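Line by line, the protein sequences give chains P and H. In terms of the numbering used here, the first sequence has 117 at position 117, counting the first letter as 1, and numbering is strictly consecutive. In terms of the numbering used here, the second sequence has 388 at position 109, counting the first letter as 1, and numbering is strictly consecutive.
Warning: the hint list may mix true and false statements.
As the list claims (entries may be wrong) - Taking lysine-lysine and the DSS-like style, the derived pairs with C-alpha atoms no more than 25 Å apart in a straight line are:
| no. | chain 1 | residue 1 | chain 2 | residue 2 |
| --- | --- | --- | --- | --- |
| 1 | P | Lys25 | H | Lys393 |
| 2 | H | Lys393 | P | Lys21 |
| 3 | H | Lys393 | H | Lys475 |
| 4 | H | Lys393 | P | Lys276 |
What the hints assert, rightly or not - These stretches of chain H come out as covered by chain P in the derived footprint (C-beta under 8 Å, 3 or more residues):
| no. | region |
| --- | --- |
| 5 | 352-361 |
| 6 | 402-409 |
No lab work stands behind these hints, which were simulated from the structure alone. As the structure is a prediction and not an experimental result, all values here were calculated from the model. C-beta atoms are modelled at their ideal positions from N, C-alpha and C, and glycine is treated no differently.
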Amino acid sequence: MLTVGLRGEAHAFLGFVERQKNLVKRYWLWEVVWLIYSLVSVLSIGYLAAGLGSAGGAAPGRLDLHRAQLYLLIGALLWAYLSIVFMDISFSVMWERWEGTIEYTFMAPIRRLTHLLGVCAFAIAYGLVRTLVVLALSVPLFHLDLSHANAGSALVVMVVSTFPLVGLGIIASVLPLLSPERGEQMTVAVQGILLLASGVYYPISVLPGPVQLMARVSPMTYTLDGIRGALIDGRGLGAVAPDLVALVAMGVLLLPLGLLSFGWAERRAKRLGLLKRSG
Amino acid sequence: MSQPAVEAHGLTKWFRRSGGGPRKDGHRWQAPWRRGRRPDLVALHPLDLRLERGGITGVIGPNGSGKSTLVRILATLVLPDAGHASVFGHDVVSESLRVRRHINRVSVEAAFFKELSAWENLVYAARIYGTDDRGLRRRVEEVLARFGLPADTVDRPVRHLSRGQQQKVAIARSVLTTPALLLMDEPTTGLDPRSKREVQAMVHELRRDSVTTLLCTHDMEEAEALCDRVLLMDHGRVLADGTPAQLGRLEDVFFELSGRGIEDADSEAELEEKAC
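This is chain P alone, in the form it adopts within the complex:
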């Protein structure tokens, strides 16, 4: 018996979440490798900050080492989370190409929105779990003072940032549909640009003018700014409101733009016969 309509779409949504979970389970060794990689990255950044004082790069009294360490660690942890979500979403088309299942998935009797939301939901949940593991393993190694942190505000910024991030991920996942040969490389390049421009490890004010412009249109800039403000300076919702407004506006723009561009790219791939080609 076939389930159609909303129930069928909900069924399919669960199917995508479950599929992603099963893939993580089967490729567990890779997941361990990525977890270690994320952990090592965060620890390196943490120790880099700790070593700033002893390396003689900072004059006493001019640099708050504890603040710098917190600033960098938050950046590293958030980048770990944001990059997992971004990559999981943007690699969804490529992954299916590698496995040879892309045509089977694309001819399923479901809406593309359901397909993409299923992939995104798992990416967010998995990104959170993995980042929490890294957080739990790394934070005890540094003596961080989070007594001023406003966890509620940070959580709100995190939740709101999900929407533009998902939109951006969907836009990036279009690239392998446009070019089976070079889409993968282009997606990695986009991720690199986001890392450079979004102020992950430094304030965007240190960037050259044109890169600062890119930073202003990256949702990650506002996510990082809002969460740092909440955790380091204890800013409440009112104080992080400018970041929240920017993130909501970007979500309103990027989510529909992502879905529209995916629909356009899918039609183009079907017109040119690019769905099956794997480079």
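Take the given structure of chain P and dock chain H to it, following the hints.
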């Protein structure tokens, strides 16, 4: 009068060839945009087709004859450039979601997540194809048993199964989603003789389910044995259309109408593909 399973009028498809055309001035280097564009490859010349419900219709032809393009258009995976096609009265372009509710496809490479078990792949298919998952395990085991697959097949990662077993699981998967039109794109290509016979027996078995089946193959004997009707195709055109009994020995018919054997046509298509 009930809607036919498939109806197509003037269905046409061409693909742009990659790379620039020949250099205009001999051997001197020219930027790609200054070279002439290579002519498009016509995959399907205007095709008219009507397929009544039920039975197995074979689409026979060498590589590059347009069989897979036809199947992909019906599967809503490729958009036609001209003409239109409908599946059970639904247009494949404007009503693609409705079309997809009626179809399933078995392709030459069994499309599975190879690291997942057959069961995990089947549950995924059941969910995205809207099949009720209550009692799914029992139904899966019944279908596998019906097609002669051992029950333990279901829990093994697909990559541990032989190609023949993978193809059988792919057919079982399509049966689970109860399609009204089953598109089979060379399901026996590349299989060893025994697996090939077993998969052919499975296709034959599908008659019991009253599924309309479109079977693409370049194996003439397979078509003669399994199909009620045969479309013989070459270079995107239908050369002959009739029952195997009406057409006679398909290899001879193909040679008579195209001027070459099917194996020569396959080699020709391979060379052409490399040149692209």
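- request: Could you tell me which of the hints above the structure violates, numbers in ascending order?
  value: none
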